[in-house]
Each structure stands twice: as C-alpha cells, then as structure tokens.
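**Q** So the chains spell out like this:
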Amino acid sequence: MASAAEHADLLIERMGSNPLQVLIAIQKAFNHVPGDAICRIASALDLPLSRILGDVEFYGFLSREPLGVYSVLMSDSITDWMLGSRELFLRLCGNLGVSPGVTRSDGLATVGKTSCTGMCDQGPALLVNGIAVANLTGDRIDAISRLMEKKIPLVAWPDEYFHVESNIRRRGWLFQDWEGAIFEGEALLQEMTDAGLRGRGGAGFPTAKKWASCRDAPGSERYVVCNADEGEPGTFKDRVLLQHCAGRLFEGMALCARIVRAKKGFLYVRGEYRYLEAHLENLLAARRDTDFEIELHWGAGAYICGEESALLESIEGKRGIPRVRPPFPVTHGLHGMPTVVDNVETFCAASAIAAGGGREFRSLGTAGSHGTKLLSVSGDCSRPGIYEYPFGVSVDQILEDCGAGNALAVQVGGAAGTCLDASEFGRKVCFEDLPTSGSVMVFDRTRNMQEAALNFSRFFARESCGFCTPCRVGTEILAQTMERISEGRGTGEDIFEIGNLGNILKASHCGLGQSAARAVRDMLKKFPEHFEGTVK
Amino acid sequence: MIRLATCSLAGCFGCHMSFLDMDERFLDLVERVEFDRSPFTDIKSIGKCDIGLVEGGLCNEENLAVLKKFRENCVILVAVGACAINGGIPAMRNHFSIDECLAEAYLDGVGIENPQIPSDPELPVLLKKVCPVHEAVRIDYFLPGCPPSAGAFEVLLEALLKGETPELPRNFIHYD
Amino acid sequence: MKAISLDGIMAPFAEGHTVMDCALAANIPIPHLCYLPRCVPHGSCRLCTVKIDGRFASACTQPAMEGQHVEIDTEELRQLRLSLLRMLFVEGNHYCPSCEKSGSCRLQKAAYDEGMLDLHYRPWYPKREMDASHPDILIDRDRCIFCELCVKASRDVDGKNIFGISGRGTDTRLVVNSKSGLLADTDISAQDRAVEVCPVGAILVKGLGFEIPIGKRLYD
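Protein chains in written order, with this note's numbering: chain A, 701 to 1236; chain B, 70 to 245; chain C, 9 to 228.
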C-alpha cells in the first residue's frame, strides 16, 4: 500500500483541490490522517499547514491518532438515550474490552460517541466506519461485536444491519408525483412569490427574493448550494428526501441555477448519511445538464456546518467557523461570489411549484406560512417517522397521528428549539408560532426532562466551533453545571446560573450559541419538579 | 466589639504580611476589632465571628475543613488574594497528577537524600486538584492581588466595619 | 453627514464604518480585545458587545447604519462584559503573578476596568503545550485567548503566515505553520508585528521579563 502522503497525491489528482474531501478519503484508507499526509496536502495545494491540521482537528470524523480497523461512533442523541443507547454503548465497550474513545491495543476497534446521526425514528443507531447501523438491540450489539472480533469486513455483514427505513407516515403536497417543470426563470420566480415560498430551514426567508438578490448581485461567478447537513437532533427529513426525491432536488437546484446564471452547484451532505453515497453519485452521473454541474460535498461530523456561512467555509475546505454577517452569502458567498444556499426541502418545494404552479401551495397552510412542512417525529410514540402537514398543524394533532397518547413534553426544533408542556400542545407549527426545521421529539410521562437538559447541554458544548468566547466557554460551563445537577451535586445557585448563562450566550457570534441554553431554560421553567429533587 | 478571624490555607502568608503592612493603621484597627482565630493570636479554632478573611486556595482535606468552619462561624467571609480566588501558584500543580507531584518532591527531585513519600497519619490528605475557595463555600467579598496591598485591606475593612458594601477603587484592583 | 446614537451621543459616520469606528472617532470607549485598528475585525472575543435596537451585536463587526441606537454603558452590558472576562480567565491558566506580561496585559486591564474581583465560575486548569523552542520567542498557550491578532499580523503585515488556529470548541488552539509545529522552525523574529500584537502573555520575547518595576507599568 502506498504511504499516506503518496495516497494524498493520488487523491488530489483524482478528486481535485478540496482538502476536506481529500482528508475524508485519507481517513477512510488509513483510519487516521498521518502527519506526513497533512504536510503533503498542504504543500500540494499551496496552503498553510495550519489550514489542513485545522480541518483534521475540527471535524469529528477525522483523527490524527490511528483509530481501530472498526471505528464505531454511537449516536448520542436524546432519542437514542431514550431507546437505551447508553447501556448498549457500555455493552459494546464491554464486549470488545475497550474504554470509550481509546483504540484497542491490537488496533481492532475504537468505540466513541457522536451527536445525533439522524436515525431517531429507528434508533438506537451507530456509525461503523462511517456507515449507519440502526435499530440496535442487545443482540445486535453482540452480533456486531462478534463480526468485529472475527475481522469480517463490513461488506460481508448482513445487509439488514445497514437497512434504513424511510418511515413516511403522512404524505401531502410535496410527496405527490410531480411532472417536469412548466415554469422557469422569471415565471418561476413569480410563481414562487405568489405561492409565498419561504426557506424550510427554519428562518423562513422568502425564497424567490433570495434567488433574485443573488441574480442581481455583482460577481463573475455564482453558485447554488444545497444544505443537506441536517444535524439538529431529531431531524431526518432530508435523509428521506435524499433517498426518495433527490431527482426533484437536483431539478430545483438547476432551476435556481438558470435563474441566477450559476454553472456550478454543491450538495453538502452530512457525513452521517454516507450510506447514501452510491445512490446520490448514480443520480448525479445520470443527470444530462451540461450547463450546470452539481458536486457532492461531504461533511465530516460538525453540526455547526449546518449554519449556512460555516457550510460555505467547509465547502472551501476550511474549519466550519460561521462568517461575520453582513455580508450575506447571497452577495458574498462561496469564494466571495453571490451564492444561493437553500435547504433540501426548499429546493424540492421550488421544483414542485415549477411543475404544478404556486396556487395549490398558496392555498395550504396559514396566512403567514404557506404550503406544507415535513416533520421528523421521534421519541415516545408508536409511529415515529416523516409527517407532511400543511403549516398550522397543532402539536395535539401531530401527537394523535403519531400515536403519542401519554405525552408530557414535546421538543420542537431540536436541541436549539422550544420545549412545550401539555398546556401548549394547542400551539401550531408555522412561522408565526413555532418556526422549525421540522424536528419533533416526544417525551412521555415516564421521562425525566433533566435527562434531556443534560443531553442538550452536552450536545452544544461538543458542537461549539470555539470561535467566540460566550459559546466556547458558556456551553461548556452550562454542560458542567447540568452534569453537577445530574450527579446530585447541584445547588440552587447552579439553577440560577443557568438563567444567567442563557443571557450571556445570547451575545454569541451565531445561532448555535444564541440558542444553546434555550431548551434547558424552558425545561427548568416548565418542569421544575424534575430538577428540585436533585438540587441541594 | 467586631470579631475578626483570619487564616492561610494553600497560600504563602504573603497576604497576611501585606495586611500587617497597614503599619500604624493596624493599631487603630485593633482598637476596633477583636481577633479570633488568626496567626496573629495563635488561637487554633474559630468561634463566632463577624468577619473572616481567608487567604489561600484548597489543596488538602484540612484546608477544606478549616474553610467550612470559617463559613459556619463568620457572618461575612472574604476571599483574600490570588490563591483564594483562582488557586494561584499552588494550582499550577493541577497540570500534574498527585503521584507525579509527590515523586518530584520526595523521590526524583534534585538533591534528595533518603527518598520516601511522607505518610504520617497526621498529614492531611491532598485533594486531587487545588481549587479556589468559592468552589466549596459561598464567599461574600473578594480582595484580589498577590498580595492585596495594605491600602486594599484598609478599604475593605473600613467599609465592613461601617456595615457598608466594600467598593474597591480602580487603583486597588490588581492581580499581582 | 449620517450619524448614529452612542448612549445618546450622536456620532457621525462614513460609509463602510463600523460601530466601533464611530465610537473610537467620537472618543467613546467600548472595551475590546480581539479588535485592533487597521486589522480586519472578526468579533470573536465579544467584549465589544453592544445592544443595538434591543439586540446584541459586536461593535467591531457591526456596520454603522443611520438611525441606530447603540447602548454601551448599561448595567446589563457591564455584567455581560464581566462574565465574558471571567470566562476568558477560567478557560485558560492566567497566573498574573508569574506572567511577564502582567501590568501591560490587555486582558488584565480590561478586567481591572470592569472591576473584576473574582472568577465566579470554576477554573478549568487546562493542560496546554508550551513552545520554548525558539531562541528569542516563547509561546505560552496557557494564556492564549484565540483573538487571532498574531495570525492576522503575521499573514498580513509580516508576510510570513506563521500562526493558525486549529481544533474545535474547548480544544481550540494556536498552532504554528511548520512541519514540527515548533516556532524554532519558522522565520519569526522578535521584531515581528505578530509578536507585538499579542494582547496577553501568550507570545513573549524571551529575556525581557519583568523589566519595568511594579507600579510603573502601563496599566498599574
């Protein structure tokens, strides 16, 4: 086998000059990124060493130290916890005789944890060498352990282990079988404006306005970028759309490209969905649009890259640090050029409007939120999965449909979202009331919300990019405080401090820090009895 | 009479020396306060006090016990000096394990004869990490400095004796 | 001329100015650490956080816009600055008595100005690598606050590109652009702007420690 440095040369020749994609390939081939590969990539691409080293030390799926032949990352989302992931994690470590995060001395395996892997409707889940295995049980953990001990390569593992369900429970407007586009260019922009299409990522910026601004911004190049880095705990709708509607997604991107005159597009997919690689590559290879090329760009374990400017940094091969805004990507995006960044669901909705016009879309939803929204429903319910509803659906309705008869709390919008108690189940999912990218996690009356608060606070500390003081330090202090409380060492002052931290975090550079204490504060306020017993 | 106690935990007594640097002003002070437990009186256990001044951070079980006694007995507890406030120089051992520290001091260090780690039962057990006093008990006021100047002690005590909230002027705030 | 309100004082601004530019020109102090005039601002320390029409923003990156009402010296913002300073102190190892920069350290000065008496939070005592490999210059990462001023100065002023930031979250760290990762293997010199701009005692010129007696230093 070639040395890592030689391998890096080959990869650069074959894959081009994107350091992050090259690093991901090196990691795969060598179970780590050796120092000589870092040096070689830096010199071959004429970049400072710290740029390449910075990537390796930033992205969760890259490692400077050799990992095991089998590198296992257990999904550590709250929904995984609720399905017993922590016990399974210990069981796996015990089976293999490893400590968490420490590679076994014979180099066979490394077992660690990662943030939500987007399999919340079929958890607990793990990634083995980057590929998802869902529906974990004690038996499955034991079977996997045996396969690893026998050094059976992943390709020879039972197919069913790698099976991922789509669980589409409720189909609506978007999931119809749409024909090809009727509207294009100006006409499409008009249809989208009339339809009232707003970005589906949660912020809700009018999509036609974004596309027109990009078109009108000065620049020698323009880019269309699809954000499929859904990392918000409890969200998995993009996974299902990539599986079932990727063609429509590419169509939406191409329609946008024709409007803004972009020749190049990027689909940024979170590394957790690597199992979709062949599927997506095949569809991209079958595209016959020579005017607009779409390149697949993989993430590598960094929630922050879902923030659009951090995502652009990541496509440029850098650490995913959110940019100073303004300027916004629409005028100064990828490589400083005007760029449209939209969510998978938004591009799919745009291409559906191009096919069917905006009228039906307009008629669905509420006065301020038109069309439908895909919701990823998980947690304590009998039918977790994807639900498409017109905007304005009440939480009560969702709970009834997904079979959650005993709900205590519902977390809408993931770890960064809002925690609702039963008195608020009449609230509606829409931009005016509960804006969300679609994560709905149900907690039933047997749950202690302190667990969720602990999980979310640890999540933000793990995923903070570290750029600004309040988030880098504040998320860690918040997590430490929650850990003290969970271990029964908390005090009333700790509870008070969580409120303070929430205020300080609002001074953060980006939304991650700004919303990091939100759910925890909600839970403290709405479920004080879940905390009181453990606080001195 | 106002009762005042002082102690030095994991510190160097430098704060106490600086306190004494009040010189002739110290004589005025002893007219107005009675010293309880303090290196100045050599009283070994603390009684009910109005004010407690704690120098030094926590490095062993005894420090912790003394600090808790101070908190129980003092109406107002003041953390005095860098070590009490952030662990200070003793906390630089936190980068090493206790075993490493003991080995360096008693086994492998330069010029050691008859190397052995002391194990007398009278010696207090070391804490895993040196930490500031506010991690263990509630602290009412902080007097930074390494050491705080005599003037800073004066400002602090003047205010406390009058029953006011101490406000340290900008020129008395320093960390070294 | 267009103007913004800084704590009620009208300050004029030109196109392209930030809130910080206006404040500096109008002689209204806004505490800051990672900002340096003539250096592209990025707003990482957040010490210059102000409130503009009810929302927090970093003054150094926020473009001045007609009609803005900027709050600077309010109780809420003073408390915020104090908290941010405490956070910077607890995440590193800042032992002022043993630091050569003490007395001319901008972090220390900012904390004095805000009246910081205690840490409030529990110190982390992180273990970070020191780099004493270079004959003239020392990197003490214990004191680094990730302001990136050395990164920018070395790249943009010295033209050497010696420093970079690596890692993530609490593992963020200052790194050196050399194969060994050591400063000795770079062409840095003690006269470099990158050395001079360090606001804390993270990058120090060797052999110059404690030159000025206590009481006579910049911020005594």
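Do not take every clue at face value.
What the hints assert, rightly or not - With a Cα cut of at most 20 Å, we get these calculated SDA-like pairs of lysine to any residue: (1) A/1128 - A/915; (2) A/964 - A/919; (3) A/1018 - C/117; (4) C/135 - B/169; (5) C/187 - A/919; (6) A/1206 - C/84; (7) C/168 - A/748; (8) C/168 - A/919; (9) C/187 - A/736; (10) A/1206 - C/165; (11) B/197 - A/1189; (12) A/1206 - C/160; (13) B/137 - A/766; (14) A/851 - A/766; (15) C/168 - A/802; (16) C/59 - A/744; (17) B/137 - C/130; (18) A/1236 - C/178; (19) C/224 - B/219; (20) A/1206 - C/163; (21) B/138 - B/169; (22) C/224 - B/242; (23) A/1018 - C/128; (24) C/160 - A/1191; (25) B/197 - A/1183; (26) C/160 - C/79; (27) C/187 - A/709; (28) A/813 - C/120; (29) B/198 - C/130; (30) C/117 - B/242; (31) B/198 - A/1183.
Stated by the list, open to error - Listed below are several chain C residues computed to face chain B (Cβ distance under 7 Å; list not exhaustive): (32) 77; (33) 104; (34) 105; (35) 120; (36) 125; (37) 126; (38) 127; (39) 130; (40) 131.
The set of hints was computed from the structure by calculation and includes no laboratory data. Every residue gets a Cβ at the ideal spot worked out from N, C-alpha and C, and that includes glycine.
**Q** Does each hint hold? Answer for all of them.
**A** Taking the hints in turn, this is what the structure says about them:
The straight-line distance between the Cα atoms of residue 1128 of chain A and residue 915 of chain A is roughly 34 Å, outside the 20 Å bound, and the hint therefore fails. With a C-alpha separation of about 14 Å, the suggested pair residue 964 of chain A and residue 919 of chain A falls inside the 20 Å cut-off, and the hint holds. Taken as a hint, the residue 1018 of chain A and residue 117 of chain C pair is broken in the structure, with Cα atoms around 34 Å apart against an allowance of 20 Å. Between residue 135 of chain C and residue 169 of chain B the CA atoms are separated by roughly 15 Å; this keeps the pair inside 20 Å, and the hint holds.
Among the hinted pairs, residue 187 of chain C with residue 919 of chain A is inconsistent with the structure: their alpha-carbon atoms are about 37 Å apart, more than 20 Å. Proximity of residue 1206 of chain A to residue 84 of chain C is assessed by CA-CA distance (about 12 Å); at most 20 Å being required, the pair is judged to hold. At roughly 10 Å between alpha-carbon atoms, residue 168 of chain C and residue 748 of chain A fall within 20 Å of each other, so this suggested pair holds. Our distance criterion of 20 Å between C-alpha atoms is broken by residue 168 of chain C and residue 919 of chain A, whose separation comes to about 30 Å.
The suggested pairing of residue 187 of chain C with residue 736 of chain A holds, with an alpha-carbon distance near 9 Å, which does not exceed 20 Å. Note on residue 1206 of chain A and residue 165 of chain C: the hinted pairing is violated, with a Cα-Cα distance of about 34 Å set against a maximum of 20 Å. Straight-line distance between C-alpha atoms of residue 197 of chain B and residue 1189 of chain A comes to about 17 Å, which keeps the hinted pair within the 20 Å bound. At most 20 Å may separate the alpha-carbon atoms for a hinted pair to count; residue 1206 of chain A and residue 160 of chain C exceed this at roughly 27 Å.
Restraint check: the Cα-Cα separation between residue 137 of chain B and residue 766 of chain A comes to about 47 Å, which exceeds 20 Å; the hinted pair is violated. The hinted pair formed by residue 851 of chain A and residue 766 of chain A meets the criterion: a straight-line CA distance of about 17 Å does not exceed 20 Å. A threshold of 20 Å between alpha carbons decides the hint, and for residue 168 of chain C with residue 802 of chain A the separation of about 38 Å lies outside it, so the pair is violated. Between residue 59 of chain C and residue 744 of chain A the CA atoms are separated by roughly 46 Å; this puts the pair beyond 20 Å, and the hint is violated.
For the given pair, residue 137 of chain B sits about 18 Å from residue 130 of chain C by alpha-carbon distance, which is consistent with the 20 Å threshold. This hinted pair does not check out: residue 1236 of chain A and residue 178 of chain C have alpha carbons roughly 29 Å apart, beyond 20 Å. Of the supplied pair hints, the one linking residue 224 of chain C and residue 219 of chain B holds, its CA atoms being roughly 18 Å apart against a limit of 20 Å. Of the pairs offered as hints, the one joining residue 1206 of chain A and residue 163 of chain C is violated, with about 32 Å between alpha carbons and a cut-off of 20 Å exceeded.
At most 20 Å may separate the alpha-carbon atoms for a hinted pair to count; residue 138 of chain B and residue 169 of chain B exceed this at roughly 31 Å. Of the pairs offered as hints, the one joining residue 224 of chain C and residue 242 of chain B holds, with about 15 Å between alpha carbons and a cut-off of 20 Å not exceeded. Distance restraint check for residue 1018 of chain A and residue 128 of chain C: the Cα-Cα separation of roughly 35 Å exceeds the 20 Å cut-off, and the hinted pair is therefore not satisfied. Proposed proximity of residue 160 of chain C and residue 1191 of chain A is contradicted: the alpha carbons are some 43 Å apart, above 20 Å.
With a C-alpha separation of about 19 Å, the suggested pairing of residue 197 of chain B with residue 1183 of chain A holds against the 20 Å cut-off. The hinted pair formed by residue 160 of chain C and residue 79 of chain C fails the criterion: a straight-line CA distance of about 29 Å is larger than 20 Å. With a C-alpha separation of about 18 Å, the suggested pairing of residue 187 of chain C with residue 709 of chain A holds against the 20 Å cut-off. Proximity of residue 813 of chain A to residue 120 of chain C is assessed by CA-CA distance (about 42 Å); at most 20 Å being required, the pair is judged violated.
Of the supplied pair hints, the one linking residue 198 of chain B and residue 130 of chain C holds, its CA atoms being roughly 12 Å apart against a limit of 20 Å. With a CA separation close to 10 Å, the supplied pair residue 117 of chain C and residue 242 of chain B stays within the 20 Å bound. The suggested pairing of residue 198 of chain B with residue 1183 of chain A holds, with an alpha-carbon distance near 18 Å, which does not exceed 20 Å. Checking residue 77 of chain C against chain B by beta carbon gives a least distance of about 29 Å; that is not within 7 Å, so the hint is violated.
Annotation: residue 104 of chain C was flagged as interfacial toward chain B, and the flag holds, the nearest CB pair being 4 Å apart, inside 7 Å. Interface restraint check for residue 105 of chain C: the shortest CB-CB distance to chain B comes to about 4 Å, inside 7 Å, so the restraint holds. For the restraint placing residue 120 of chain C at the interface with chain B, the shortest Cβ-Cβ distance is roughly 5 Å, inside the 7 Å limit, so the hint holds. A hinted interface residue such as residue 125 of chain C counts as satisfied when its beta carbon comes closer than 7 Å to some beta carbon of chain B; here the least separation is about 4 Å, so the hint holds.
Nearest Cβ of chain B to the Cβ of residue 126 of chain C: about 4 Å, under the 7 Å cut. The hint holds. For residue 127 of chain C, the interface hint holds, since its Cβ comes within 7 Å of a Cβ in chain B; the closest pair sits about 5 Å apart. Hint on residue 130 of chain C holds. Least Cβ distance to chain B is approximately 5 Å, under the 7 Å limit. Hint on residue 131 of chain C holds. Least Cβ distance to chain B is approximately 6 Å, under the 7 Å limit.
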